[in-house]
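**Student:** Quick note, the sequences are listed as chains A and B, same order.
Each residue of the first sequence is one higher than the one before, starting from 28 at the first, in the numbering used here.
Each residue of the second sequence is one higher than the one before, starting from 25 at the first, in the numbering used here.
Hints are all accurate, no fakes.
Taking lysine to aspartate or glutamate and the DMTMM-like style, the derived pairs with C-alpha atoms no more than 20 Å apart in a straight line are: (1) A:Lys-221 / B:Asp-185; (2) A:Lys-221 / A:Glu-242; (3) A:Lys-221 / B:Glu-198.
If you want the footprint, here are the derived chain B segments under chain A, 3+ residues with CB under 8 Å: (4) 187-199; (5) 204-217; (6) 225-239.
Going by beta-carbon spacing under 7 Å, a handful of chain B positions derived as facing chain A: (7) Ser-222; (8) His-251; (9) Glu-252; (10) His-255; (11) Arg-262.
Since the hints were derived computationally from the structure, they do not count as laboratory data.
No residue lacks a Cβ here, since even glycine has one placed at the ideal position from N, Cα and C.
The primary structure of each chain is shown beneath.
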Amino acid sequence: MSGLRRAEGVTPREEIWRQDRLRLYRYGPGSAPGHGVPLLIVYALVNRPTMLDLAPGRSFIAGLLARGIEVYLLDWGYPDAADRHLAFEDYLDDYLDSCVSQVSARHGGQPIDLLGVCQGGVISLCYAALHPGRLRRLVTLVTPVDFAAGDNSLARLVRDVDVDALVDALGTVPGELMSAGYLALQPHQQLVRKYLAMPGRDADPEERDLFLRMEQWIYDSPAQAGEMFRQFARDCFQRNLLVRGELEIGGQRIDLSRIRLPVLNVYGRRDHLVPPPSSQALGRLLDGGDYTERAIDGGHIGIFVGRRSEELQDCVANWLKTGAADPGDGSGAACRRTAISAAGTRAGEGGSSAA
Amino acid sequence: MLLPRPLDWLFDGAELGAAYAEAVARLAAAAPEAGAGQILQRAARELGRSGRPILRLWAQLWSLEEPSVGPAGRALGPALRALDQLSFWPQALLDQAILRPALGPLREVAEGGQQLWLAWRELERARRNWLGQQARVQARAQSLLVERLRGRHQREEPVADLRALSVLWLDASEAAHAQLSRDDGFLLAQGQLVNALSAWRVELREAGDGLLMRLGLPSRRELDAAHERIHRQGRELRQLRRRLDQLENSIGTPVT
Chain A
28 MSGLRRAEGV TPREEIWRQD RLRLYRYGPG SAPGHGVPLL IVYALVNRPT MLDLAPGRSF
88 IAGLLARGIE VYLLDWGYPD AADRHLAFED YLDDYLDSCV SQVSARHGGQ PIDLLGVCQG
148 GVISLCYAAL HPGRLRRLVT LVTPVDFAAG DNSLARLVRD VDVDALVDAL GTVPGELMSA
208 GYLALQPHQQ LVRKYLAMPG RDADPEERDL FLRMEQWIYD SPAQAGEMFR QFARDCFQRN
268 LLVRGELEIG GQRIDLSRIR LPVLNVYGRR DHLVPPPSSQ ALGRLLDGGD YTERAIDGGH
328 IGIFVGRRSE ELQDCVANWL KTGAADPGDG SGAACRRTAI SAAGTRAGEG GSSAA
Chain B
25 MLLPRPLDWL FDGAELGAAY AEAVARLAAA APEAGAGQIL QRAARELGRS GRPILRLWAQ
85 LWSLEEPSVG PAGRALGPAL RALDQLSFWP QALLDQAILR PALGPLREVA EGGQQLWLAW
145 RELERARRNW LGQQARVQAR AQSLLVERLR GRHQREEPVA DLRALSVLWL DASEAAHAQL
205 SRDDGFLLAQ GQLVNALSAW RVELREAGDG LLMRLGLPSR RELDAAHERI HRQGRELRQL
265 RRRLDQLENS IGTPVT
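The following block holds chain B by itself, in its conformation from the complex:
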């Protein structure tokens, strides 16, 4: 991470954390008699706290798109997003500073930096989009888990222990992933993330190559060109050898 955007990163992490916290809270509320809730309560007591209120508060804080959460939870997301826009380096200001026309003897260096910035910005956008898809998967996994726990409760099949609970959670997550990873939106987000990483990597390499050339060291570009030449000549040599073998076979004597 070259440019810190602390709230951005915190917020992304929290979206995933929210999915998990919400799942645990729902789990505790939905199936207390099935064993899972009791286990969680017991685990929380061992930590010297009452688990459920903390989990509920956590879920309310971060479940920003859940209509049933309280006003604090609903307000927090937009507030954080708004705060982020006013954070240390708002994107618009950075754009203005970095993307101004490059002039003077360092023009090429400045243009390289601009390309790097644009690629980073695109990578950030793609990363957030992809994280959004992952959050969808986690949300779907929660629903599946609750459904399955409810089913077990109705069938009077209690969850035996935390290990069994984690297996149920993993199965629900895998099922949710299998369902949603077929979506156009998911595939597009995944593809765009890879493409943005590729573009970012190209810009990084260009910057590195420029530095190496100034230091008089072989750059990636020069090595690639050399490898291509060696490869082409090797292929030609082998083709010539094959033709020579064919000639030898046709006339029955070695060609010198």
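Chain A extracted, bound-state conformation:
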């Protein structure tokens, strides 16, 4: 893949650790770790985390930094044919666990905060279920939990696909195939309509730049390690095992109800890839701990880079710092908070749900 196709983010960062294809970055000025609880961001394996740092003024990461959060990012890299045997357990118990250790070690060995985006949210949830003592708080953004809930276009796309045969045939699943799958969901919009509406020569340069950056990001699709793809597509999308508590990773069953740490779950009201009911299912599963749910008006990508992206930044930063997803100005109408006491009895329920 050429350098032109590999988009880079806009916020300065420093690589602090690497293993195989994986890179662990720390964002922000200076090289010394700060004093706050660090946040480790785990993006999906499909597409690149560049989307979280897409353009000046449209950077989720820069927004968190500006709100006083110390941000680390796990970049999974670009798997190739040699990585076809990487499985879910490798990503979870090896790569993610090592990154959590690295970040934690830089901050005195204390539990850290974890934020997962989309598939990265699923990986983060599984990690939190298996390693509860290593985390302080967990944020899941546009994360599918019940893959059969709502109008799940991706689940439909793979419904009749023989995933085993596909992985056996391809080994590592090419990024181009992943892109083609996404295009197939809205072919006319993505292949033609979008370009009719794209900013022209006389458009605002900032808008034009954003369009081009987004375009570069969309087609910067890493290949998928075969065994990981096999398990995720088959066990999550086709068999929907995660929500049923039957997903097994490396011989360990993932029981999300074991998660006791505070969880903030944010989804987009107009998300066509992860429909809201798919994310909302998490609230029903977490029967212990502290669960906050927030709907943001936007799509799967729009909530990060759209005109209202600051709403998401405020929500996440406030919740990480204070445990409340909304600023203390009474504007939290869209936030539903369910607090369960440590003994497991409902301690209180405030706000209302507009989701």
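Fit chain B to the known structure of chain A by using the hints.
**Tutor:** Just chain B now, kept in the frame of chain A:
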């Protein structure tokens, strides 16, 4: 495409072309006062031809399942299909030639070729089935477009220009796709196409691997086996390191 079946491919392409031509013809007939028809007529005149008769003829030629088309159009589809059966390499003859029992020293090579042929045949079937689903989407898109143009005409909202017309067409296509891509038939056709491609790819790889092995070069199968071994050993090494760390932590001194 390893085996040419010219009429097959021509016919598939024409089915999609028909959907488009039919849409334009209907559009021109259904909403001339709304602006779209006039625009098309003008565009056609600029090309030095009268657009509507050509478009109508085109639609009649290829709209094979439309009851209102003329006898030539109705006959053409079956005729082409029949002709295809008699084309250069009829499938039955190819089956007979390729799928006969493999004998002799090249038996394995022949069997590999047979598997490749069967996978290709299945891929062709799946591809045609999938194209049929795409044609359904296009046909539905035409109906939606005409409905919407008629609605605009009734509301006296003319289509401003070709760009606006193309946006209407794209919106209708996307809506038709959103409706029909939920169908069991569509999903099955899509899945079967991917599955057939997977099987075809496996057979191609097997053939390539056989050739590489004969040339003394590493095959995909051998590389996969090597990668798996490296991966397994890497995972074991990391598990051992973790256990070592735990031991060190438990006794408080480094284990050498």
